[in-house]
Amino acid sequence: MKIAVCIKRVPDMDVRFKIAASGTAVDEAGLKYDMSDFDGYAAEAALQVNEKGGGGEVTALCLGPDAVQETLRKALSMGIDKAVHLKCDAVPFDGWAIAQALAAQLGGGGYDLILFGRMSIDSSNQSVGPMVAELLGLPCVTAASRLDVSGGTGKAQRELEGASETVEFPLPAVVSIDEGVARPRYPSLKGIMAAKKKPLEVKPAQLGAVTVTVTTMELPPERNAGRIIGEGPDMVPELVRLLQTEAKVL
Amino acid sequence: MTTVPSPRDLDFLLYEVLDTAALAARPRHGEYSREAFDAVIDTARQLAADHLAPHQKANDEHEPHVVDGKVVTIPEVARAFRAVADAGFIAATHDAELGGMQLPHTIATAALLHLDAANVATASYALLTTGAANLIAAHGSDDQKARFLAPMLAGRFTGTMALSEPDAGSSLADLRTRATPMDDGTFRITGTKMWISGGENEIAENIVHLVLARIDGAPPGVRGISLFVVPKRLVDDRGAVGATNGVVLGGLIHKMGWRGTTSTVLNFGEQGPCTGYLVGRAHHGLACMFHMMNEARIGVGRAGAAMGYAAYRYSLEYARTRRQGRLPGEKDPTRPQVPIIEHPDVRRMLLQQKSVVEAAVHLTMLCARLVDDLETAADESVRREAGLLLEVLTPVAKSWPGEACQEAISNAMQILGGYGFAREYPIEQLYRDNRLNPIHEGTNGIQALDLLGRKVRQDDGAALTLLLARMGATVAAAREAVGGGTAGTSTNGGGTSLGAAHTLGTLADALEAAVARLAATTGALGEASATLPPARALANASVYLELASRTIVAWLWLQQATVAARALVAGTTGDDAEFYRGKLQAARYWFGWELPRTEAQAALLTRLDSTVYEMQVAWF
Numbered sequence: 001m002k003i004a005v006c007i008k009r010v011p012d013m014d015v016r017f018k019i020a021a022s023g024t025a026v027d028e029a030g031l032k033y034d035m036s037d038f039d040g041y042a043a044e045a046a047l048q049v050n051e052k053g054g055g056g057e058v059t060a061l062c063l064g065p066d067a068v069q070e071t072l073r074k075a076l077s078m079g080i081d082k083a084v085h086l087k088c089d090a091v092p093f094d095g096w097a098i099a100q101a102l103a104a105q106l107g108g109g110g111y112d113l114i115l116f117g118r119m120s121i122d123s124s125n126q127s128v129g130p131m132v133a134e135l136l137g138l139p140c141v142t143a144a145s146r147l148d149v150s151g152g153t154g155k156a157q158r159e160l161e162g163a164s165e166t167v168e169f170p171l172p173a174v175v176s177i178d179e180g181v182a183r184p185r186y187p188s189l190k191g192i193m194a195a196k197k198k199p200l201e202v203k204p205a206q207l208g209a210v211t212v213t214v215t216t217m218e219l220p221p222e223r224n225a226g227r228i229i230g231e232g233p234d235m236v237p238e239l240v241r242l243l244q245t246e247a248k249v250l
Numbered sequence: 001m002t003t004v005p006s007p008r009d010l011d012f013l014l015y016e017v018l019d020t021a022a023l024a025a026r027p028r029h030g031e032y033s034r035e036a037f038d039a040v041i042d043t044a045r046q047l048a049a050d051h052l053a054p055h056q057k058a059n060d061e062h063e064p065h066v067v068d069g070k071v072v073t074i075p076e077v078a079r080a081f082r083a084v085a086d087a088g089f090i091a092a093t094h095d096a097e098l099g100g101m102q103l104p105h106t107i108a109t110a111a112l113l114h115l116d117a118a119n120v121a122t123a124s125y126a127l128l129t130t131g132a133a134n135l136i137a138a139h140g141s142d143d144q145k146a147r148f149l150a151p152m153l154a155g156r157f158t159g160t161m162a163l164s165e166p167d168a169g170s171s172l173a174d175l176r177t178r179a180t181p182m183d184d185g186t187f188r189i190t191g192t193k194m195w196i197s198g199g200e201n202e203i204a205e206n207i208v209h210l211v212l213a214r215i216d217g218a219p220p221g222v223r224g225i226s227l228f229v230v231p232k233r234l235v236d237d238r239g240a241v242g243a244t245n246g247v248v249l250g251g252l253i254h255k256m257g258w259r260g261t262t263s264t265v266l267n268f269g270e271q272g273p274c275t276g277y278l279v280g281r282a283h284h285g286l287a288c289m290f291h292m293m294n295e296a297r298i299g300v301g302r303a304g305a306a307m308g309y310a311a312y313r314y315s316l317e318y319a320r321t322r323r324q325g326r327l328p329g330e331k332d333p334t335r336p337q338v339p340i341i342e343h344p345d346v347r348r349m350l351l352q353q354k355s356v357v358e359a360a361v362h363l364t365m366l367c368a369r370l371v372d373d374l375e376t377a378a379d380e381s382v383r384r385e386a387g388l389l390l391e392v393l394t395p396v397a398k399s400w401p402g403e404a405c406q407e408a409i410s411n412a413m414q415i416l417g418g419y420g421f422a423r424e425y426p427i428e429q430l431y432r433d434n435r436l437n438p439i440h441e442g443t444n445g446i447q448a449l450d451l452l453g454r455k456v457r458q459d460d461g462a463a464l465t466l467l468l469a470r471m472g473a474t475v476a477a478a479r480e481a482v483g484g485g486t487a488g489t490s491t492n493g494g495g496t497s498l499g500a501a502h503t504l505g506t507l508a509d510a511l512e513a514a515v516a517r518l519a520a521t522t523g524a525l526g527e528a529s530a531t532l533p534p535a536r537a538l539a540n541a542s543v544y545l546e547l548a549s550r551t552i553v554a555w556l557w558l559q560q561a562t563v564a565a566r567a568l569v570a571g572t573t574g575d576d577a578e579f580y581r582g583k584l585q586a587a588r589y590w591f592g593w594e595l596p597r598t599e600a601q602a603a604l605l606t607r608l609d610s611t612v613y614e615m616q617v618a619w620f
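Protein chains in written order, with my numbering: chain V, 1 to 250; chain Y, 1 to 620.
Simulated from the structure, these hints should not be mistaken for laboratory data.
C-beta atoms are modelled at their ideal positions from N, C-alpha and C, and glycine is treated no differently.
Fair warning: there could be bad hints in the mix.
[Said to hold, decoys possible] FRET-style restraints, in silico, Cβ to Cβ:
no. : chain 1 : residue 1 : chain 2 : residue 2 : range
1   : Y       : E205      : V       : G162      : 16 to 24 Å
2   : V       : E28       : Y       : Y15       : 29 to 37 Å
3   : Y       : V241      : V       : G162      : 22 to 30 Å
4   : Y       : K57       : V       : D27       : 34 to 42 Å
5   : V       : E28       : Y       : V241      : 24 to 32 Å
6   : Y       : G99       : V       : K196      : 14 to 22 Å
7   : V       : G232      : Y       : K331      : 22 to 30 Å
8   : Y       : E97       : V       : E57       : 25 to 33 Å
9   : V       : P199      : Y       : Y15       : 40 to 48 Å
10  : Y       : K57       : V       : L243      : 31 to 39 Å
11  : V       : Q48       : Y       : D379      : 47 to 55 Å
12  : V       : V212      : Y       : D95       : 36 to 44 Å
[What the hints assert, rightly or not] Covered stretches of chain V (in silico footprint by chain Y; criterion: 3 or more residues with CB under 8 Å from a CB of chain Y, positions within the stretch not fixed):
no. : region
13  : 22 to 33
14  : 89 to 95
15  : 184 to 191
[To be verified] Quick list of in silico lysine to aspartate or glutamate cross-link-like pairs, EDC-like style, CA-CA up to 20 Å:
no. : chain 1 : residue 1 : chain 2 : residue 2
16  : V       : K190      : Y       : D95
17  : V       : K32       : Y       : D38
18  : V       : K32       : Y       : D576
19  : V       : K190      : Y       : D38
20  : V       : K32       : Y       : D11
21  : V       : K18       : Y       : E578
22  : V       : K197      : Y       : D38
23  : V       : K190      : Y       : E31
24  : V       : K32       : Y       : E578
25  : V       : K197      : Y       : E35
26  : V       : K196      : Y       : D42
27  : V       : K197      : Y       : E31
28  : V       : K32       : Y       : D86
29  : V       : K196      : Y       : E35
30  : V       : K198      : Y       : E35
31  : V       : K190      : Y       : D86
32  : V       : K190      : Y       : D42
33  : V       : K18       : Y       : D576
34  : V       : K32       : Y       : E16
35  : V       : K190      : Y       : E97
36  : V       : K32       : Y       : D575
37  : V       : K18       : Y       : E31
38  : V       : K52       : V       : E168
39  : V       : K198      : Y       : E31
Could you put the whole structure together from the sequences, leaning on the hints where they help?
Written out as structure tokens, the structure is:
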């Protein structure tokens, strides 16, 4: 069984972002990067399906500048067998352009299963996985929180509001993975060292034409600090007055 | 959650100050690269965040307790131990042929700082196992390595060091546990050990105790002490874990902090025979054990540094977001309140913490770097000098971080006010947990005697002479970095490159004076020891330890400040520039506020102040 997992390198979200001088992107100075959270789950799902099946091969793909090789090495250190770096100067915002590059690489690769994270945690478009499925003419299941594969058929569980559903699909297929599969495994020290010797192929990304671009980016307005106007029932009229005159919510 | 230590600070120490990347060029670490080092540290960061930090508080609130003779720990502890072992951290620095990863000690230490900061009590089971494993690797027989070491490195067995007894703690020479030779070459162990961390647990298949005991007929004192491997359960030739081995839990000790790690009383051979296997030569046990103890002492400093750092980062974040009051001079009560970090007194408490915890981490990392040099430097003189420096730095690396971080954590608590004192916030636990560090692995008083009575004297003071020479080299490097002297007249610290240079020049002058003070004080005490009784000459050893510690910390800060000033003079901008200015300001704080205390300490020591020595028992 051949599995591909598409991962994205994203900034560590645990920082205070600044807007770059261009006004259309975040300032990258001082940012740390890592694999997008949901892609970690996808990598874990790929490894688990492969381990259950036995004897298969998992390939990780990542599109972007040279720095993404660090993210691919992390995937390899988790246990993924080989990596492909689709090289381009910058990752466009337009999912359609990205999907075309991925489909060009994945099509004809003989993959039984192509996995994505449910969405990237930086741009949150949730679009690339389904677009790749469309381009390759494959069935697509999104936001799977469980994934089982046996004998040419896949079964995925999806979480709904207050319920869950299970869907079946024929392979090959594209599946995007939500939280719920086991937490992504850590790269062990052995895994980190083994990753250095695994193949990492670099190819130019055949991006499609970019038609969607970011025109402005701004930070949310600073929230004013809360204010305690007093205690007890006597303060209710003042609170109502402020809600009417200052907050204007009543 | 805030990452501890700060990734930027750790990168700074590893790659800008300690030149850790160079270790990847050594044959033992040839498989590594800076990227691999960083990946290892990333894994530690993830482990700390996912497996250790979440139950730090629960492990304190639901401390281990005994049910039907067995110790019950919350299930998260065993899961975390498994995760740390599976990631490879117990075996990280060991030889590949033993299943280890030959990771440099410097990187292992950087990784372990994260585990200590997140949850020292749970991390301790793994750290104790590594320490015991290191000792068996260094001194054990091939059979002992196969039977005990391999499962320890794989995380199937945990390890302990069983030295102390109810009546023999600091005075190991007086320990009474006995070892009786058997015909098959093994020994029968009888006696009671106390304060044995991890001495009983159910988190792994077996426990390997390293026990100090006297073989029947052995000479008195430290020269009659031997070291034994004593498993909780016997292990057969094929590695199968079998019957219990007469090690019985006498009880758990209920501690102020560090509660998640069991502290035990263990009875050996009281209920059924207890078999021990001699490690190394008979009567040479203490020398073997010191192999583990020196490492454990540096580990104590690392834990103190990590806990202090955790409290600092928490209080820093709090001070940035908590709004209280307005600055003096602001009379308008309708103006918004300011974040408390705007108040100078809060910044004072933050700066005190920063100057302590970042230096404590540096000291710990420096010791690890020296252990790497001792073991793997190509040049014999580099190895020898690393060994000398470790001799003299170990008592300081053990004692100072825990001691100074207690004050730092107290300041963190003060910044949080009532919240700092409340159990709903993490500071009070860090305060309790860290309080153990001045006590265990040789009290700080013992470290003071070790430093003044032994380390600065041995080999005609070779270790201290070398350390002082290194400090002199740092002074010279700082002056060279600013073009040969105290440049400029700016007094705004590191605010400009000119200010940075000025600050550095001033600090270099101050360290030079402090080094001279340490040398002169050591000389004066050395002369006095020739004529005074030893108890009199060593009476003020703790003050000497503090004088030496403060001077060493100033040396570390000048190293950091020199790197920072160079970067600023070279035109660094943005967040990096702010980082370097912060380093310079912390160095200024240490030199201006903390180092001057050594003047009074040197005066007290040099005049051989006898107030303490002459105080009579009956006068209390």
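- Query: Holds or violated: 24 to 32 Å for the Cβ distance of E28(V) and V241(Y)?
  - Reply: 53 Å, violated
- Determine whether the Cβ-Cβ distance between P199(V) and Y15(Y) falls within the hinted range of 40 to 48 Å. Violated, since P199(V) and Y15(Y) (Cβ atoms, about 28 Å apart) do not stay within the stated range.
- Message: Given the hinted pair K190(V) and D42(Y), is their Cα-Cα distance within 20 Å?
- Response: OK: K190(V) and D42(Y) at ~14 Å, within 20 Å.
- Query: When you check the alpha-carbon spacing of K32(V) and D575(Y), does it fall within 20 Å?
  - Reply: Measuring from Cα to Cα gives roughly 13 Å; hence the hint holds.
- Task: For E205(Y) and G162(V), compare the CB-CB distance with the range 16 to 24 Å and indicate the outcome.
- Result: Since E205(Y) and G162(V) have Cβ atoms about 43 Å apart, the given range 16 to 24 Å is violated.
- Take the C-alpha atoms of K196(V) and D42(Y), compute the straight-line distance between them, and say whether it is at most 20 Å. 16 Å, holds
- How does the coverage statement for the region 184 to 191 of chain V fare against chain Y, requiring three or more residues with Cβ below 8 Å from a Cβ of that chain? Answer holds; 5 residues pass the 8 Å Cβ test.
- Query: Within 25 to 33 Å or not, the Cβ separation of E97(Y) and E57(V)?
  - Reply: Given range 25 to 33 Å: holds, Cβ gap about 30 Å.
- Query: Regarding the pair K196(V) and E35(Y), is the alpha-carbon distance no greater than 20 Å?
  - Reply: Measuring from Cα to Cα gives roughly 10 Å; hence the hint holds.
- Given a hinted range of 36 to 44 Å, is it respected by the beta-carbon distance of V212(V) and D95(Y)? Roughly 55 Å apart at Cβ, these two residues miss the hinted range, so it is violated.
- Task: Would you check the hint for K18(V) and E578(Y), treating anything up to 20 Å between C-alpha atoms as holding?
- Result: With a Cα-Cα distance of about 16 Å, the restraint between K18(V) and E578(Y) holds, given a limit of 20 Å.
- Is the hinted range of 47 to 55 Å satisfied by the C-beta distance from Q48(V) to D379(Y)? At roughly 49 Å between Cβ atoms, D379(Y) and Q48(V) fall inside 47 to 55 Å, so the hint holds.
In summary, the numbered hints that this structure violates are 1, 2, 3, 5, 9, 12, 14, 28, 37.
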